[in-house]
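J.: Please build the complete structure, drawing on both the sequences and the hints.
There are 2 protein chains.
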Amino acid sequence: MSMKTIPHRLYLTEDQIPKQWYNLRADMKEQPEPIINPATGKPAAVEDLYPVFCKELAKQEMDANTRYIDIPEEILDMYKIYRPSPICRAYQLEKALGTPAKIYYKFEGNNTSGSHKLNSAIAQAYYAKEEGLKTLTTETGAGQWGTALSEACSYFGIDLSVYMVKVSFQQKPFRKAIMETFGGHVMASPSDTTNVGRAILKEDPNNFGSLGCAISEAVEKAVTTDGCKYVLGSVLNQVLLHQSIIGLEAKKAMEILGEYPDIIIGCAGGGSNLGGLIAPFMQDKLTGKANPKIIAVEPASCPSLTRGKYAYDYCDTGKITPMAKMYTLGCTFKPSSNHSGGLRYHGMSPIISKLYHDGYLDAIAVEQTKVFEAAVLFAKNETILPAPESAHAILGAVEEALKCKETGEEKTILFGLTGTGFFDMTAYTAYNEGTMTDYIPTDEELKKGFDALPKIPGFQE
Amino acid sequence: MSMKTIPHRLYLTEDQIPKQWYNLRADMKEQPEPIINPATGKPAAVEDLYPVFCKELAKQEMDANTRYIDIPEEILDMYKIYRPSPICRAYQLEKALGTPAKIYYKFEGNNTSGSHKLNSAIAQAYYAKEEGLKTLTTETGAGQWGTALSEACSYFGIDLSVYMVKVSFQQKPFRKAIMETFGGHVMASPSDTTNVGRAILKEDPNNFGSLGCAISEAVEKAVTTDGCKYVLGSVLNQVLLHQSIIGLEAKKAMEILGEYPDIIIGCAGGGSNLGGLIAPFMQDKLTGKANPKIIAVEPASCPSLTRGKYAYDYCDTGKITPMAKMYTLGCTFKPSSNHSGGLRYHGMSPIISKLYHDGYLDAIAVEQTKVFEAAVLFAKNETILPAPESAHAILGAVEEALKCKETGEEKTILFGLTGTGFFDMTAYTAYNEGTMTDYIPTDEELKKGFDALPKIPGFQE
Chain B
2 MSMKTIPHRL YLTEDQIPKQ WYNLRADMKE QPEPIINPAT GKPAAVEDLY
52 PVFCKELAKQ EMDANTRYID IPEEILDMYK IYRPSPICRA YQLEKALGTP
102 AKIYYKFEGN NTSGSHKLNS AIAQAYYAKE EGLKTLTTET GAGQWGTALS
152 EACSYFGIDL SVYMVKVSFQ QKPFRKAIME TFGGHVMASP SDTTNVGRAI
202 LKEDPNNFGS LGCAISEAVE KAVTTDGCKY VLGSVLNQVL LHQSIIGLEA
252 KKAMEILGEY PDIIIGCAGG GSNLGGLIAP FMQDKLTGKA NPKIIAVEPA
302 SCPSLTRGKY AYDYCDTGKI TPMAKMYTLG CTFKPSSNHS GGLRYHGMSP
352 IISKLYHDGY LDAIAVEQTK VFEAAVLFAK NETILPAPES AHAILGAVEE
402 ALKCKETGEE KTILFGLTGT GFFDMTAYTA YNEGTMTDYI PTDEELKKGF
452 DALPKIPGFQ E
Chain G
2 MSMKTIPHRL YLTEDQIPKQ WYNLRADMKE QPEPIINPAT GKPAAVEDLY
52 PVFCKELAKQ EMDANTRYID IPEEILDMYK IYRPSPICRA YQLEKALGTP
102 AKIYYKFEGN NTSGSHKLNS AIAQAYYAKE EGLKTLTTET GAGQWGTALS
152 EACSYFGIDL SVYMVKVSFQ QKPFRKAIME TFGGHVMASP SDTTNVGRAI
202 LKEDPNNFGS LGCAISEAVE KAVTTDGCKY VLGSVLNQVL LHQSIIGLEA
252 KKAMEILGEY PDIIIGCAGG GSNLGGLIAP FMQDKLTGKA NPKIIAVEPA
302 SCPSLTRGKY AYDYCDTGKI TPMAKMYTLG CTFKPSSNHS GGLRYHGMSP
352 IISKLYHDGY LDAIAVEQTK VFEAAVLFAK NETILPAPES AHAILGAVEE
402 ALKCKETGEE KTILFGLTGT GFFDMTAYTA YNEGTMTDYI PTDEELKKGF
452 DALPKIPGFQ E
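Protein sequences, first through last, are from chains B and G.
With my numbering applied, the first sequence corresponds to residues 2 to 462, in that order.
With my numbering applied, the second sequence corresponds to residues 2 to 462, in that order.
Please keep in mind that the hints were generated in silico from the structure rather than gathered at the bench.
Any given hint could be a false lead.
Given that identical chains are not distinguished, each listed pair holds provided it fits within a single copy or across any two copies.
[Unchecked claim] Derived lysine-lysine pairs resembling DSSO-like cross-links, with alpha carbons at most 30 Å apart:
| # | residue 1 | residue 2 |
| --- | --- | --- |
| 1 | Lys253 | Lys20 |
| 2 | Lys20 | Lys96 |
| 3 | Lys412 | Lys81 |
| 4 | Lys310 | Lys412 |
| 5 | Lys135 | Lys412 |
| 6 | Lys294 | Lys20 |
| 7 | Lys81 | Lys310 |
| 8 | Lys130 | Lys20 |
| 9 | Lys81 | Lys404 |
| 10 | Lys320 | Lys294 |
| 11 | Lys412 | Lys43 |
| 12 | Lys203 | Lys449 |
| 13 | Lys81 | Lys253 |
| 14 | Lys253 | Lys404 |
| 15 | Lys286 | Lys310 |
This one's a predicted model, so the numbers in the text were calculated from it and none came from an experiment.
T.: Below, the structure is given as structure tokens:
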């Protein structure tokens, strides 16, 4: 079915919400390398994950074969409160750019958590409740994941402790307030509530934190507390699985519009949004049905894909999580206090990493002030104030649209607008006042991180 | 057409967006009393409004006869970026309350301005551009109107000065940042940029402002600046006209669902949302087609309908605007620094006032802590963090739903969820920490306001 006039926004109906998640691994010709249990130095079995993760989520983490996984009814019930999210045609942005390209975006910010993170938060809180858990711990960077998980835990009646990257905690005071409104307990990380946190603070009392450090603290808290497990908002295979709902809805909506994207663009921190958005399009690519160009946009201040190494590394700074093969800057890499807190992670989803390594997607790194320039251009034309993370994808889309202007090509561009910037006004103020700076790590800085990569006999010498 | 299963959210399609606003006055059996020009003491002619308002808007203000007014194409183009807004069924809230009632809400917060205010901001900015104006001035309370107008002015290329009620300016630092991101110039009111502001500050240097005062400043600035006019986000007839799109969409969506509300509830500050939401349902009531119960919910701290007088009064504190007959606490009434900045206005839309006076709607006044209790209950169940203003309507709906629980009646309740609370985290923090207080003005305080009402020979002695 094709629609004659493309509306500004298309919402699928409630009964068009996908009933199954799509597991991209089932169609990958080569699988990501196995994760390594740091205690044994050998590939981890699903049981190795049980002390940290809920059983059902551990199974999803390790399941590379089941192509489609049913979404439980209780999860669908909560999805229906805010989904489907719209596919929007950026008519005004196209006009402002004077491009012949057609620009679409999948807008995931239309819920109180303000981002796509709620899609996986609901799933993870649900499985925790099903397992009879009373408490969860997690980390949050920009605060989007922590907000989403607070909402989901409140809904399912689970207690939640959130370790929030200190720089975000300071830059986004109201993020704490919203998490607390939903009942979450929020601590600035590094904190003095864990061994990992105390050790970091002892060495560097002014450490402003990183996602890697916050993960260490949350995992430590989970494994040392009865009836408590850990959940993570990005990087993991299970998260990409849950986020596939973004891409599945987007593809269905584009079909209704009679469109198929030539280019698909997502911001990339841990890979949750990118992996979810591209999933069904990547399936077409892997199965030879179509060949869209896929672009990951990451911050130049934390360039894991464009300047990182494809190597085994810990997922956290404290080196207590399993090791995964991924594009990484080294788990000891200290990202600058770049405002896009959600993209300040040293590694990248192993699935995204493998696909990037095998040439299925491109990546670019962009500087912060240019990202905000694109954000404001977008806001003024499309009336949505984007999250700085999302604005990386906007900049990517703007650059592709301007290339089309040069060549005259009428390409169809789809990007993921992951969230809103209501809690990022400190950063917007810095941009408005001209005090925002850019930061690009030197090769020497990166070398330090690479030198500290773990040695794993038989896997990484 | 009726749908078997009622979805959680129903979006009309783009081509179902109303193409005309509905002018409620055309169906009122008795018209609101004429506004009085303070310079002459006589009813104002449309020309009397030209120094302050754009001509087209002045005409809309005075037009009580044209039932439907075409929405210009350029306005519809911008509406389409964020409209239609959804009708939502509050399944989870119903479950939490254990009520047999069906609760629906029209959610107007799904745009960056965060509220319904954008509907009229777009219209007013458009007509200003059509008239060739370069600059607009306005006031803002909670900051929602200022944000919406900044967006609309940015879109149409108009310069904007915003006088923001000082207490909101202080409580909501990020509101300023978002208005500035869209190019608005924001000043705390009372300010030293106008005669009115300077006079108030001289008498009371710590005056925390009011909508009435901010209006005076913005009007003074407009009439003393070349190529500049004034726009207002509530109270006015023209605003209710533009906001009728809320009710028109809501009614159409309810029809599709096979529903008609028994009770319609809106928060009431100046009346913009309430007037817009109820417009087509009030038409049914005025023309005898249906008889829904309509409830305005106002803050006990600023109770213009429930404790005010139906009298001629100035729309502003500085007494430079025309006088309108409305429910008022007196333009000298100083509302407490209640957090619901958007409801801190001494008067009420003359249309709403007349309808209330003639018995077409009910009103209740509620206390702030109870409003936030309802807000958090709603947030936890429906995953949307409401603006404090909107939460007044939530509380009204909760109370009606609990009455249904007692009586067993399966009433259909519709309320207006006007906006989101992302910029109200200071208030939420106060509520979370138990430091929020309530305030109810004494009869003596109110008497002072009533005693200062203007005397207008032949109209109000």
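J.: At 30 Å max between alpha carbons, let me know whether Lys320 reaches Lys294 within a copy, between copies, both or neither.
T.: neither (35 Å within a copy, 63 Å between copies)
J.: Within, between, both or neither: how does the pair Lys81, Lys404 come out at a Cα-Cα threshold of 30 Å?
T.: between (38 Å within a copy, 27 Å between copies)
J.: How would you classify Lys20 and Lys96 at a CA-CA limit of 30 Å: within, between, both, or neither?
T.: between (37 Å within a copy, 23 Å between copies)
J.: Is the C-alpha distance from Lys294 to Lys20 at most 30 Å within one copy, between copies, in both cases, or in neither?
T.: within (27 Å within a copy, 39 Å between copies)
J.: Please work out whether the CA atoms of Lys412 and Lys81 approach to 30 Å or closer within one copy, between two copies, in both situations, or in neither?
T.: Only across copies: Lys412 and Lys81 sit 23 Å apart there, 32 Å inside one copy, limit 30 Å.
J.: Is the C-alpha distance from Lys81 to Lys310 at most 30 Å within one copy, between copies, in both cases, or in neither?
T.: neither (40 Å within a copy, 45 Å between copies)
J.: How would you label the pair Lys253, Lys404 (within, between, both, or neither) given a Cα cut-off of 30 Å?
T.: within (27 Å within a copy, 43 Å between copies)
J.: For the identical chains here, do Lys81 and Lys253 meet the 30 Å Cα criterion within one copy, between copies, both, or neither?
T.: The answer is both: 17 Å in one copy and 21 Å across copies each meet 30 Å.
J.: Please work out whether the CA atoms of Lys130 and Lys20 approach to 30 Å or closer within one copy, between two copies, in both situations, or in neither?
T.: within (20 Å within a copy, 47 Å between copies)
J.: Go through the copies and call it for Lys135 and Lys412: within, between, both or neither, with a Cα cutoff of 30 Å.
T.: For Lys135 and Lys412, neither the intra-copy (50 Å) nor the inter-copy (37 Å) Cα distance is at most 30 Å.
J.: Is the C-alpha distance from Lys203 to Lys449 at most 30 Å within one copy, between copies, in both cases, or in neither?
T.: Intra 21 Å, inter 62 Å, cutoff 30 Å: intra-copy only.
J.: Classify it for me, Lys253 with Lys20: is the Cα-Cα distance of at most 30 Å met within a copy, between copies, both or neither?
T.: both (13 Å within a copy, 29 Å between copies)
Hint violations for this structure: numbers 4, 5, 7, 10, 11, all remaining hints satisfied.
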